[in-house]
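> Quick mapping for you: the protein sequence lines, in order, are chains A and B.
Per the numbering used here, numbering through the first sequence is continuous, rising by one, with the last residue being 463.
Per the numbering used here, numbering through the second sequence is continuous, rising by one, with the last residue being 463.
Derived by calculation from the structure, the hints in this document are not laboratory data.
Just to be clear, a hint being listed does not mean it is correct.
As the list claims (entries may be wrong) - Derived DSS-like pairs (lysine-lysine); straight-line CA-CA distance at most 27 Å:
#1 Lys-112/B / Lys-54/A
#2 Lys-54/A / Lys-448/A
#3 Lys-207/B / Lys-207/A
#4 Lys-112/B / Lys-207/B
#5 Lys-54/B / Lys-448/A
#6 Lys-54/B / Lys-448/B
#7 Lys-448/B / Lys-448/A
#8 Lys-112/A / Lys-207/A
This one's a predicted model, so the numbers in the text were calculated from it and none came from an experiment.
There are 2 protein chains.
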Amino acid sequence: MGIVSEVRALLGAAHVLTGSDTARYGIDTTGRYTAVPLAVVRPGSTAEVSEVMKLAHASNTPVVPVGGNTGLTGATHAPDMLMISLERLDRIREIRPASRLAIVEAGVVLEKLHEAAAEAGLRYPVTFGSRGSCQIGGNLATNAGGSNVLRFGNTRAQCLGLEVVLADGRIVDLMSELHKDNSGYDLRDLFIGSEGTLGIVTAAVLKLVPATRSHATAILGTDDLDAALTLLNEVQEASGGAVEAFEFMPRFYVDQYREMRGDAQLPPAADHEVTVLLELGSASARDAESNGLAEVLEEVLGRALESGLLRDAALAQNEAQRRAMWHLRESAADVILARRPIVDTDVAVPLDRVSTFLDMAGLRVSSIDPQAEVILVSHLGDGNLHYAIWPSREDTALQDELRAVIDDVAVSVRGSFSAEHGVGLTKLGSMERLKDEVALDVMRAVKKALDPENILNPGKLLP
Amino acid sequence: MGIVSEVRALLGAAHVLTGSDTARYGIDTTGRYTAVPLAVVRPGSTAEVSEVMKLAHASNTPVVPVGGNTGLTGATHAPDMLMISLERLDRIREIRPASRLAIVEAGVVLEKLHEAAAEAGLRYPVTFGSRGSCQIGGNLATNAGGSNVLRFGNTRAQCLGLEVVLADGRIVDLMSELHKDNSGYDLRDLFIGSEGTLGIVTAAVLKLVPATRSHATAILGTDDLDAALTLLNEVQEASGGAVEAFEFMPRFYVDQYREMRGDAQLPPAADHEVTVLLELGSASARDAESNGLAEVLEEVLGRALESGLLRDAALAQNEAQRRAMWHLRESAADVILARRPIVDTDVAVPLDRVSTFLDMAGLRVSSIDPQAEVILVSHLGDGNLHYAIWPSREDTALQDELRAVIDDVAVSVRGSFSAEHGVGLTKLGSMERLKDEVALDVMRAVKKALDPENILNPGKLLP
Chain A
1 MGIVSEVRAL LGAAHVLTGS DTARYGIDTT GRYTAVPLAV VRPGSTAEVS EVMKLAHASN
61 TPVVPVGGNT GLTGATHAPD MLMISLERLD RIREIRPASR LAIVEAGVVL EKLHEAAAEA
121 GLRYPVTFGS RGSCQIGGNL ATNAGGSNVL RFGNTRAQCL GLEVVLADGR IVDLMSELHK
181 DNSGYDLRDL FIGSEGTLGI VTAAVLKLVP ATRSHATAIL GTDDLDAALT LLNEVQEASG
241 GAVEAFEFMP RFYVDQYREM RGDAQLPPAA DHEVTVLLEL GSASARDAES NGLAEVLEEV
301 LGRALESGLL RDAALAQNEA QRRAMWHLRE SAADVILARR PIVDTDVAVP LDRVSTFLDM
361 AGLRVSSIDP QAEVILVSHL GDGNLHYAIW PSREDTALQD ELRAVIDDVA VSVRGSFSAE
421 HGVGLTKLGS MERLKDEVAL DVMRAVKKAL DPENILNPGK LLP
Chain B
1 MGIVSEVRAL LGAAHVLTGS DTARYGIDTT GRYTAVPLAV VRPGSTAEVS EVMKLAHASN
61 TPVVPVGGNT GLTGATHAPD MLMISLERLD RIREIRPASR LAIVEAGVVL EKLHEAAAEA
121 GLRYPVTFGS RGSCQIGGNL ATNAGGSNVL RFGNTRAQCL GLEVVLADGR IVDLMSELHK
181 DNSGYDLRDL FIGSEGTLGI VTAAVLKLVP ATRSHATAIL GTDDLDAALT LLNEVQEASG
241 GAVEAFEFMP RFYVDQYREM RGDAQLPPAA DHEVTVLLEL GSASARDAES NGLAEVLEEV
301 LGRALESGLL RDAALAQNEA QRRAMWHLRE SAADVILARR PIVDTDVAVP LDRVSTFLDM
361 AGLRVSSIDP QAEVILVSHL GDGNLHYAIW PSREDTALQD ELRAVIDDVA VSVRGSFSAE
421 HGVGLTKLGS MERLKDEVAL DVMRAVKKAL DPENILNPGK LLP
């Protein structure tokens with residue numbers, strides 16, 4: 001009996017899709033990768049995931065776990081492979097407000113967790129564009145980032161405990177609820193970010209933080225990035241580290257946004273070489289009553305305008321204005337992906353090297369394709385740049401060259417060629433070219449130790 | 001030529017100690033483990049650590065790395081093994097205030113880093129009793145915790161990048177300065193907390209936080225722990241998460257302190273079933289100017305006294321009073337270790353199960369040794385209890401039984417038998433008895449992948 005029949009016998013025919021029924025799983029969000037998987041199976045529990053893996057292991061069948069399938073690196077590409085969708089493991093098992101934690105299954109959609117936390121007066125702070133469809137298991141598998149990493153860290157920083165099914169079907173119980181636990185190697189963080197190549201995440205214990213009670217949001221305009229970074233440190237000093245977002249948009253991005261949305265939509269102060277969206281947040285009742293955040297921000301911005309550090313600044317006076325400011329930033333995917341061909345990257349560089357990186361990268365792009373246009377937005381507060389290029393012509397070799405050059409420049413200033421999207425398939429070349437060789441060897445040794453038959457998401461992450 | 005002669009030729013005789021010259025390395029801080037190592041070598045650079053490891057690897061010589069040797073689990077016990085002391089790798093290579101990071105070598109004493117950060121107007125937030133002699137390499141090898149974990153996380157949470165020498169002498173360069181870096185498996189966190197069994201930490205990139213500009217410190221008295229935890233959440237709500245320490249001391253501990261130090265030393269409000277030392281901290285200039293933290297705290301404590309949640313509370317009015325409050329807590333080692341025999345543990349339990357744990361553990365101890373006395377202090381804010389027992393008599397079997405029972409009870413409420421001290425030798429039994437079996441298997445597979453000859457700190461951490 002083949003693996004597909006075996007899995008059908010195990011889960012029932014309704015939860016084993018083949019052929020055209022797999023279509024929506026077989027194409028990724030970028031449209032770059034399409035494939036017909038051997039089958040898509042939808043186990044309903046950790047025990048069933050374990051049983052499926054035992055069958056796959058016995059028959060040496062390659063397996064690709066999939067969550068919301070919103071990744072950007074082709075990490076769920078599964079030609080002729082068995083896809084395990086975690087969508088039916090969608091229960092929020094517990095929200096424990098006194099201990100500030102949530103126990104969730106892998107298939108829970110991020111936005112559902114946001115809602116459940118909010119109902120308990122709490123907050124799960126990781127958020128990004130695909131929150132309405134991405135799943136917690138995928139967030140953990142890719143160590144998802146987003147706009148709040150500056151204050152709260154990435155997905156790894158939110159996770160206290162994890163449950164994982166191994167390549168051979170055994171279940172690892174790391175479901176700790178503890179903030180301190182030094183009982184052996186940190187397997188949790190090894191599985192987080194391993195893109196389904198070391199095990200399949202089935203459940204997690206996640207930290208929650210107090211709900212935000214007040215915001216202060218502003219658009220800042222200045223001529224250069226270093227001024228913006230100086231201001232960031234000043235706001236952090238004055239507010240005691242309350243900055244939740246510090247998002248940089250260069251003039252060219254703002255111009256494209258305006259062209260797409262019209263002048264009316266543009267928030268005030270957004271018309272400068274360097275436009276920054278700044279948001280402070282506080283969970284304190286006192287700050288909410290006294291409007292304390294806005295006062296702090298007004299004071300710092302006032303000084304910065306006087307001293308010439310800033311050219312322009314506008315504070316949101318109400319929620320509608322705040323939303324208009326965020327709209328400018330959150331339209332990035334629409335604005336940047338509106339034109340094709342496109343070369344998109346996801347690099348991070350040390351904060352004090354962002355300007356250097358931009359200068360170097362700009363020169364390299366121009367020298368390769370003088371008519372190319374660079375369009376980017378950046379989580380500047382953590383050095384993460386979504387640096388995209390609109391090349392002058394459709395030419396795969398040119399696009400590959402441009403992508404490689406951006407990765408090279410990032411690493412040359414001690415940055416990374418993958419800030420938050422992971423490696424998957426798209427960054428295997430950079431991984432091979434740019435990652436420390438000994439680190440790569442250690443990763444290969446770890447992969448071999450945990451998945452000796454190489455059945456878990458083969459061909460991804462490790463060149 | 002034997003390994004000792006080879007290493008002498010490499011490093012010079014002055015940096016290779018043998019026989020009685022090794023005495024201060026051969027005894028641990030608890031006095032429980034003494035041994036004569038084969039030799040203690042003191043390389044002066046990462047390259048030299050690498051060369052020493054190549055020699056050790058070629059000759060299959062077991063190696064034990066050692067920092068300040070302040071660990072409490074026998075993890076540096078090295079009978080007839082080669083000890084590598086990192087003490088000469090003691091440079092703070094860079095403090096970069098704009099990027100809020102420090103690049104340090106493994107042998108830097110924790111307190112030196114505190115001082116260097118303070119000079120730059122910043123703070124390295126990990127701190128604990130042995131800060132004057134413990135070293136950053138050891139802090140990383142054991143993922144050191146302490147009193148500020150509640151707010152800032154443990155050592156792992158401070159580390160951006162790491163340099164590690166492997167069992168075969170190769171150097172892994174993971175010296176990232178990035179807050180976002182998803183380029184492959186998280187090897188950094190795998191090495192952190194691995195107690196020298198997977199590699200030798202030689203350098204690290206550490207995060208710094210803004211210096212604290214104001215404190216509000218108080219002693220709280222109440223009758224039960226749940227009231228204390230309710231209050232913790234109220235203070236966190238009101239202050240926006242500014243609690244840096246929430247340290248619980250039961251009456252018996254306070255009585256012993258008073259006996260040792262005299263009544264005069266006792267801070268006000270410390271005479272209750274449950275005494276808590278609470279400290280808020282803020283880096284904000286505004287809070288410092290307005291005395292904002294003290295106002296918040298007064299308000300919350302006022303309400304709690306009125307409602308009966310608290311019986312008593314006293315705010316430190318000046319630095320001398322604050323120091324007296326901390327003295328009560330920081331005398332724990334002196335007070336608890338004053339009597340022998342002693343059974344000391346280091347457990348963590350979920351916050352909402354601390355009372356349950358204490359009830360269960362107390363009953364078990366009484367049933368085994370009715371005359372035993374329990375003395376403890378606790379980083380209550382993160383569920384970490386240093387639960388110690390003074391048994392009625394000198395009896396190794398009894399002590400071992402008591403220690404095992406405490407670990408068992410902690411794990412039975414989903415806690416851990418090692419919160420912050422690690423496993424080393426003392427907790428191998430609990431590791432074998434209580435750790436998830438599949439997790440143990442994965443750890444063994446990882447160990448074998450990275451150190452196939454088992455020369456790095458053999459016999460520690462993994463049963």
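> All the hints need checking, so say for each whether the structure fits it.
Status of the hints after comparison with the structure:
no.	hint	result
1	Lys-112/B / Lys-54/A	violated, 52 Å
2	Lys-54/A / Lys-448/A	holds, 18 Å
3	Lys-207/B / Lys-207/A	holds, 21 Å
4	Lys-112/B / Lys-207/B	holds, 15 Å
5	Lys-54/B / Lys-448/A	holds, 24 Å
6	Lys-54/B / Lys-448/B	holds, 18 Å
7	Lys-448/B / Lys-448/A	holds, 11 Å
8	Lys-112/A / Lys-207/A	holds, 15 Å
Hint violations for this structure: number 1 only, all remaining hints satisfied.
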